[in-house]
Amino acid sequence: MADRAPAPDTPELRERWGSFAWTAEIAALAKEIVARYPEGRQRSAVMPLLDLAQRQVGAETDTQGWLPLPVIEYVADYLDMPAIRVLEVASFYFMYNLVPVGKFHVQVCGTTPCMLRGSDALFETCKARGMRKGHVSEDGLWTLTEVECMGNCATAPMVQINDDNFEDLTPERLDTVLDALAKGQNPKAGTQEPGRHTSEPSGGPTTLTDMVEENHDYRDEWA
Amino acid sequence: MAMKAARKRVKTMPKVTVDGQEIEVPDGATVLQACELAGKEIPRFCYHERLSIAGNCRMCLVEVKPGPPKPQASCALPATDGQEIRTDSEMVKTAREGVMEFLLINHPLDCPICDQGGECDLQDQSVAYGRGGSRYDENKRAVTEKYMGPLIKTVMTRCIHCTRCVRFSEEIAGVDEIGAIGRGEDMQITTYLEQAAEHELSANVIDLCPVGALTSRPYAFEARPWELKKTHSIDVSDAVGANIRLDSRGREVMRALPRNNDDVNEEWLSDKGRYMVDGLGKRRLDRVFIRKGGKLQPADWDSAFKAIAKSRPQGSIAAIAGDLVDCETMFAASTLVKALGSDLLEGRQTGMDYAADNLAAVAFNSTFAGIETADAILIVGSHVRWEAPLVNVRLRKAAKRGAKIFVVGPFWDTTYPAHFIGDDVSVLDNLPDEVADVFEGAERPAIIMGGAALAQGALGAGLAFAAQFKLTRDGWNGFNVLHFSAARMGGLMLGYAQKGGIADIAAAAPKVVLALGADEVDWSQFGGSLKVYIGHHGDKGAHAADIILPAASFAEKDGTYVNTEGRVQFAEKAVFAPGDAREDWTILRALADALKVSVGFDSFAELQSAMIAAVPALGEEGLADYGTLPKADGNATVDGAISAYPIKDFYLTNAIARASEVMQRCSAELLHGGEFAEAAE
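So the protein lines, in turn, are chains A and B. Note that the numbering used here has the first sequence beginning at -11, numbered continuously upward. Note that the numbering used here has the second sequence beginning at 211, numbered continuously upward.
This is chain B alone, in the form it adopts within the complex (with noise of 0.2 Å):
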């Protein structure tokens, strides 16, 4: 071990010329890096950076010396120390040519009805690297379609078998469902029996193929991609804040693709984050609405602000934040808030009631890409596949690179070997010996704990755990809390954590309260009280409210969320909210006006740099520094059996997923085990 390593570092960095020019890449690069290191563009379709390489449709043929005199695979070659690579000879013309060639024969020539087309690999590179024409009048292979569930619609007659599809299913998803079956010309892609793809990231094969074989089912013959405004957005389905593109066209959002973030979501994107766009479409709340004997009417702003006004809010209102809110309105609400005299702030919704004065001790340490290095990992109260389904991709690469992972809850298919050591959270204070001793002897022990183990109050617990195992030490924090409300860190940053949790706030029975598309708090605990709800579905909290202001979804308004990790990013407005709807702080602004107190702000600019004043983490992009943990307190104990975990459906966790009809149908296919027609084409 002692001498690898040794001979690792003596190693130099290979020097290879690329076309000319040389240049010094990485050791253990192959030449298809060397060659783009070199700024050279090589066409390519099985390789990936993120999948194995297969190095099976040949596209990346390079001219390399010394070898063999014929073109080579470049993404399966290694560099090599004085290397001749050319991109440039009429070798690698030829094979390109050649290679494009035969994987056109079988290909279909269906561009224009094909939902590829635009952002095909193939398309442009067989006009970049392709001979002009065909020399093939054979007939065509054809393959049946394939059914891969309702979000993966297949064409695989235009398959060129890159697989990529089963690499990453295999890989990184870590569900082998896909794969090739036969050979030769009859290999098709296919699931086993052509069940549905049953994971939470299975859509990301349609980013994937580098053709059209996979497509979105959902965005089927919906646009060009050469229609679509693209806007840069953060997800909101859970608190990992992956990075996203909004295509919208006019009004509407078309698709949400993932954006590369190293950090945060790689380059992929949980299915909920992906689907459940076209919920942004349904269920709206475009007008005002005021409960009038019983019954929600439709109203006019004036009538709504002067009815909250009616009520005195004065000393006496809350506001109650919903999972997908951003800052800037939390922020706004609170202010609205302090100037009325109170302070009644809570995110929480169901209740519970963590010590949040130290965000270190709820943040997410160790970080999203920090977490895949760790060599012991303790999930307590985590349903991590539902919960943060790119968590767990990080989580398979840390045990695939030999972590041992144990989780304390019920069972959950972790994709990767972890070891179920009971449901009891009191296990924390007793650990088994064989548990000790592997955090022990770890290097880099990490906890992860969810939302399951907050509730149960297990926080004192695991920073005791924290403490007794050393979980921060030099470059190194372990402790995690792993949330999955895409407005939680924010909210505690801004303050939203009232000591007893929102039952405090059912206690001080406020006159008025502020729901901002808070969806999941029980309102009967809020009988006497004025619900205002701002948000934009007819979701929960909408039918349990009196006075119903119809806000902007995240698709509709500029703002910043904070992830798991306390990782602040921005989101871009991609459309317009629809009908009477409006951005959440103008709603509050005129609001503000309306109850004769001032907030300070009256334009965007002016709250947020209020917001970024009042916390000036919020103002810059990157991971907030919360300090260090706070001292665990050495007594604290925890029991009690962690029964399930809070997310009973993963498809059907926010407003936004409930109102998608392709969130519905996932999670009565997938989950519940419906059976669907296909639609007649």
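Same shape as in the complex, but just chain A (with noise of 0.2 Å):
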């Protein structure tokens, strides 16, 4: 898990981030966000808030975004409430990121399904290419976090960058994937194996298989 401790609180920090604002578009969102609640109830608002604010920042720093305290400051003006209160949302969720991460935030799932699929083997892939946990690379393309349990154990091993889960990860198709991540390009989400479409039972259905053709009534065969 990330260190969950905000950036501190220095001067460069607010030079830098004090006259953060929404960017018009981003505003626009905000205000419909807001409008989804009920009159002073403005502050349910303040997760998706908490995201909107991390994505501006992370196109402002071209990386994933993260939380600066003004930032934090900012939105907790924006919706009226204590900073307190935002700060402790901010801080539940590791979701948002406390402190500055990478243009690819690579959170590598080391609970136990994956990490009995090969996850160690996923860990030692990014070190090989100069990641270290809780660290932004020196080129600024990656951080790479340990995560607990995404819920893709059914594709284990899995690893989520920014947006996207890749699953069924092999050290070799992790290189591919992250290989076409820093040229830029738009690598296919979502399982990695070949044929295998989304969670379905790897190697065909193990179960229900008459039902495979076509509707098939299995209620004769129950007796």
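None of these hints come from the bench; they were simulated from the model. Just so you know, these numbers come straight off a predicted model, no measurement behind them. Some clues are possibly wrong.
What follows is a set of in silico ranges between Cβ atoms, one per label pair, in the way DEER data are often shown [as the list claims (entries may be wrong)]:
1) B/Gly249 to A/Thr100: 44 to 54 Å
2) A/Ser7 to B/Ile631: 47 to 57 Å
3) A/Arg24 to B/Arg434: 53 to 63 Å
4) B/Gly632 to A/Ala(-7): 45 to 55 Å
5) B/Ala286 to A/Ala211: 41 to 51 Å
Part of the chain B face toward chain A, derived, beta carbon under 8 Å [unchecked claim]:
6) Gly389
7) Ile391
8) Thr401
Quick reminder that beta carbons are idealized off the backbone N, C-alpha and C, glycines included.
Got two chains here, separate frames each, mind docking them using the hints?
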């Protein structure tokens, strides 16, 4: 898990982010999100707004984005709520980055199913490419984080990179994905196993096999 | 709405069985409250009667049937008809042991060096409900210290995440500044960026903290609770009259803690009332002084009394009461003044001269508990947060219930939604339509007149407002004056009010002025008088005095105080006054001898009964009956802008607070933004 302490409140941080404000496009989006909640309940919009803020910071810095304290305060001001309440939310969910990250936030799942299916090798692969857990690589492209279960156990091992999941990985497949990303391409998200579509059983169905071709009434066989 | 009310009426009180004992509990009660009604003790950490229910400590687990076959958190479970609750079963016992064991996993075993030791909920409950020993031998979690200001000392490793402090600052104080960041084992309680907690009730989280995570910084490592003598007293830092307990060791008051009184302070206390007590040991007047050649020289009692007698005060003596004095002192002084053939008594030191012939017109009639139920409140010239922080808590409750609150006067941060409708008090005669509409339609309208409004002469206009909007109606009196001197209502009851205020006394140019701890008076207007200061601190009054007679502070004498509601309360003596200082009434008694007059009392009991004979209301604890409001003068008008509130610095409003290092630091750090280096441990 990433270090959950917010980036230190320094004069440099204030100078860089003190003037943060929504871009016109995001401002419209933020307004729309806030309008989804009843009058006086604007605070409910804190999570989507933090996400918007993180994405805007990401766009400005060409990274996945993160939440500097002045930005957290901006969101607090925008929703007219105390900054501590926003910080509570931002520090609770690890999808909000509290420290700067690289262009691609490589979140490798290390929980049991992924570990059994070879996530250790994925960490090795990342390490070989110069990534270190919790650090931004020298070229600014990568940040490696070990995360807990992301709910893709059927297609383990998996890696989440920014908004996409890459599943059924082997070191080679991961290398291919990362190479493509580094080149600025858009590798296909989801399972990387040829022939597999999503999380259906690997190697074809094992149950309800009669249903594959056409509809089949099993009720007679239940006896 | 009507249906809802009807349904509520037919609802009966649920009947539950607690450990085989059948009881009826009020509708809406929780299982925990039902158990308490049955006389069962339920251990708890996060649950607190005055805060919202969090249900996160799990210490209050009980067995409830019908329900899932597992222990349930009783604080968050409503009591329903036919429940069978067990607090003594094996399941409950093991559940409590289990919860306690988990709580102690990350709690350090540093009780011997912890200030909470001896009054710690975790300590007590682990003895009562925990296992005998620990099975945990991994490393414990450690949490960095968090700075929370000059009053709150934190040892966050001890925190068990009950979130009482978070809920207090959000719900009661209305200043969202404490929060829980991170989650799971990494959850940490902190203020935003570790800024100091900046409100007037911040130290109440120390009482709320069930462990030693938040302790009192000024009291750190000073004493153990079992060494302290506990005395019931009354807070004199404002006119709320918060019920406090003074904990003393030897001759020193170590700390002040709030006592429960739902009518007055609930169980809170302002930071000033709590922490000014260290001023009781500083800048004290502990010997007699006489001014000779422009300089105050140490002297003895005899020569001081002789000097007073020499100036022939007969028929020309005045008494001016300060903000902290008790009724007995004021009565003793007034008896002496009257015995000498004078009637110059005044307590409104800053020159206010509102009419005091009808005390209902200058009291907080709706009572503090009552103001919570008001639905429209007009605050005129009162910075309630500074003048009476505990009343502001009540106003916040009223606002939460939907009361509309309007303020006349310069802006201050109310902690609840309020409309500021200008600084000019003339608005009382001519309310904006939208405000007038609210008061027309209100069922329980109220007005609160503060010191700034009284100084502006707005009392008559306030009474006219009360008449116009029928603030007094069946079972409701919404006319309130909020004083901020502990001695004010007592003084007014004892006649410490001249028609023209203190200016009348200055005009009479008495030969002798007795200043009973009066520190706020402009003494330059008494140039020709012999100023005898009877008080306890070397403050402004003592600086101006010709003779200083050292007296006792509120902690060093028994006394009666009347709060701004007109609530008569007794305070007890906690410690002895230092040095030569004497209880005020004995000084006045001895002075009577020196001046060869009789005041008719030789003991405190005699003084008290004489006082009660003169003003019977002072003999009964509780609300004094001031009768009905005077008839309003329909033509009363007022104008003028309130430019500022009388309290310039919340932490330094009286002689004791000004002498207190803690209050000085609070003032410098919290109000004036000074930086203080942390003392190295």
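Practice problem: Could you tell me which of the hints above the structure violates, numbers in ascending order? | Solution: Hint 2 alone not satisfied by this model.
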